[in-house]
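So the sequences go chain by chain: A and B. The first sequence: position 343 = 343 (the working numbering), numbered continuously. The second sequence: position 300 = 300 (the working numbering), numbered continuously.
Keep in mind that the hints were calculated from the coordinates and are not lab data. Certain hints may be false.
What the hints assert, rightly or not - In the DSS-like style, the derived pairs of lysine-lysine whose C-alpha atoms are separated by at most 30 angstroms in a straight line are:
id : chain 1 : residue 1 : chain 2 : residue 2
1  : A       : K102      : B       : K130
2  : B       : K107      : A       : K130
3  : B       : K107      : A       : K127
4  : A       : K107      : B       : K221
5  : B       : K102      : A       : K107
6  : B       : K127      : A       : K127
7  : B       : K92       : A       : K102
8  : B       : K18       : A       : K130
9  : B       : K107      : A       : K92
10 : B       : K128      : B       : K107
11 : A       : K107      : B       : K128
12 : B       : K127      : A       : K107
13 : B       : K102      : A       : K128
14 : A       : K128      : B       : K128
There are 2 protein chains.
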Amino acid sequence: MAVIVQKYGGTSVADLEKIQNIAKRVIRTRNDGNDVVVVLSAMAGETNRLIQMADSASGGAPDEREYDVLVSSGEQISVSLLSIILHRMGCKAISLLGHQVKILTDKIYSDARILSVDTGLISDALKKGKIVVVAGFQGVDEEGNITTLGRGGSDTSAVAIAASLKADFCEIFTDVDGVYTTDPNLYSKARKLKKVSYDEMLSLAGAGAKVLHPRSVELAKMYEVPVYVRSSFNEDRGTLVTREDKDMEREVVSGVAYDRDQAKITVVHVPDKPGIAARLFTPLSEHNIIVDMIIQNASSEGYTDMTFTVSQKDIGEARRLLDVVARDMGASRIDYDENISKISIVGVGMQSHSGVASKMFEVFAEEGINILMISTSEIKISCVIAVKYTELAVRVLHDAFGLEQEN
Amino acid sequence: MAVIVQKYGGTSVADLEKIQNIAKRVIRTRNDGNDVVVVLSAMAGETNRLIQMADSASGGAPDEREYDVLVSSGEQISVSLLSIILHRMGCKAISLLGHQVKILTDKIYSDARILSVDTGLISDALKKGKIVVVAGFQGVDEEGNITTLGRGGSDTSAVAIAASLKADFCEIFTDVDGVYTTDPNLYSKARKLKKVSYDEMLSLAGAGAKVLHPRSVELAKMYEVPVYVRSSFNEDRGTLVTREDKDMEREVVSGVAYDRDQAKITVVHVPDKPGIAARLFTPLSEHNIIVDMIIQNASSEGYTDMTFTVSQKDIGEARRLLDVVARDMGASRIDYDENISKISIVGVGMQSHSGVASKMFEVFAEEGINILMISTSEIKISCVIAVKYTELAVRVLHDAFGLEQEN
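Chain A extracted, bound-state conformation (with noise of 0.2 angstroms):
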């Protein structure tokens, strides 16, 4: 008997018609004779309510302790109605919320991290037969308050959860039925991934595919969870996350991810001296704006650049917080640019093939496509180029990389 984590998200449970399906879902894979415990995300709108509700409330900035308190009875909603469900058609279901199991997380409402989970009640329940049917996004901190995860944060319960129930695997239920070469909607020739690695599944994230969250991914990985990303409305395997094996090796590309959600800011003419970079981003890192890429170029007569990107509902904070510290630097200015894309290609198998970064710039080259920034790591390269050509750019690299045909 597996001991088996399965994961609906929001537009999964958007009314009792979908809940009342995932309810036969999972009925259906309790008779396959496997224990099942459900995570659950707050139906599709329900949290969108009590979001609006604490801005009405609050004029934008609500306590922090309070909106998770508010925020969190959505699961407490939909947690019950899918055991109510499953007691109607004759199967014996307990909800958990995330004080219940518990969940134990920090202190950071809104974006909790997990310290631990509870599995006793969770195994006695499996253990009486019932079928465990627990609120994701949410749990306590040591002092009893309520937290919730922040995005992704119901995929996090979810790999939480089976990684320590030791459970056989985690399904993610989703409104895609996997993870794809590349994004299906703009490349018609994109090929559904039966195996995907945790590291390419991350840099596929970083990348702009927004599948899974890398905090869920990340855990997976930590714990070796096989993660199934799969569709609700269909009977597909999907796609395994898990870790690297040697039939990955053979891809040398796994996946071309395009993110078009970047801003490139380039801080002209800055004096080159130690630690400037250290006095641009230690404002933007405490305002938790994240910096994606990097590039610093040589230093000519004393002088550099710093090109980096942020994300592009950052850039008007950014903006507020450079200005005051480029004019600190003896910058000459700062440029910005929203009209750009980030085209990554990724893949395990390019650790040990070279050539494929050539490969890239070759394909952008032939086409006419200038490349603004580069970056790279193990199995991942990235560049940065004008928003327009982003199509063309990701069926391109689709092509030229074969990923039409299963290797």
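Assemble chain B onto chain A, guided by the hints.
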């Protein structure tokens, strides 16, 4: 510095504007130099939304444990919203749910009784100068399952917290501004009482006045918690519910109550043997049907009639149960009458004043109102009459006992 527990019902927290008004009142109470604990119901409408969800999900009989998980999310929303608004107004506040407080109950889902209230967290927060906002209506059993308290639950939560904290008093804010000599909607001469005893309040509630649920009054009486019944929409001091004092003895009759929600059942010509009452009423109590007034007339030639009243909502099930029992007992038939009303006069003074009952009967006789049943207690006399005489009976009794003027 006094400790005050304020409870606001669903209509008082129906929308953000109303919650803002509550916040202002709470802050005023605090600024007057008091420690304030607020107990809230769910927003009006929210509970109905959740109950409808449960009904749709279950087809009408939701799993009891999960039903309580679902509906308790309602108070979670109202307490966090009030706390958010209090913070916005510059006031330190903390919400506490039933499991956080912790309000320990038995495990009768949807109708749980409070066993104890842990005041540790509340006292700590008050010491830190915070306003404490507690979710009414909900608790946890010993195993940490969420329970709800059933009708009048938030009133009961407030009184239980006031008792445990040894609060100076408890204020129940509602949509009426106090306890009246009779229903002001029915008789414009109704007068608001400044004070009423716990026992009178219980008798009034049992006689149909819906201001406070009997459970909360019983608890207030047991722990001698002074309770003010007040309106959340004005500044009137309301009615103080307290123990009897010498002031009260002067009021022979404090109020006239009516209850149109009763039905009369007569089991006709039953062989009069020991145990017939038990045989009749045991099945009803097993199905949680509350029997109110019971009359058994004198046996005649070994046969008797049993007449009693039940709530109109229970008449269908009562009929189903009694048809079987009455046949077994050899009764000749059962009569049902739903067109009745129970009229009661209540007052601690009637214990030491004779002639109250006969005056009531005289008044009815003068108006040609036929009395169908009579029942009396130390501080209450109730008569069942035809429902069409309800308004007339209330008004003539109110006049006859001079309730318009303060004694």
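Here's how the hints hold up against the structure:
1. A:K102 to B:K130: holds (27 angstroms)
2. B:K107 to A:K130: The given pair, whose Cα atoms are some 19 angstroms apart, holds under the 30 angstroms limit.
3. B:K107 to A:K127: holds (22 angstroms)
4. A:K107 to B:K221: Violated, at roughly 41 angstroms.
5. B:K102 to A:K107: holds (20 angstroms)
6. B:K127 to A:K127: Not OK: K127 of chain B and K127 of chain A at ~44 angstroms, beyond 30 angstroms, violated.
7. B:K92 to A:K102: Holds, at about 28 angstroms.
8. B:K18 to A:K130: Roughly 43 angstroms between the alpha carbons, so the hint for K18 of chain B and K130 of chain A is violated.
9. B:K107 to A:K92: Distance of about 18 angstroms is within 30 angstroms: holds.
10. B:K128 to B:K107: Since the Cα atoms of K128 of chain B and K107 of chain B sit roughly 33 angstroms apart, the hinted pair is violated (cutoff 30 angstroms).
11. A:K107 to B:K128: It holds: about 19 angstroms lies between the C-alpha atoms, which stays within 30 angstroms.
12. B:K127 to A:K107: holds (22 angstroms)
13. B:K102 to A:K128: Within the cut-off at roughly 27 angstroms; holds.
14. A:K128 to B:K128: Judged against 30 angstroms, a Cα distance of about 44 angstroms means the pair is violated.
In this structure, the hints that do not hold are numbers 4, 6, 8, 10 and 14, in rising order.
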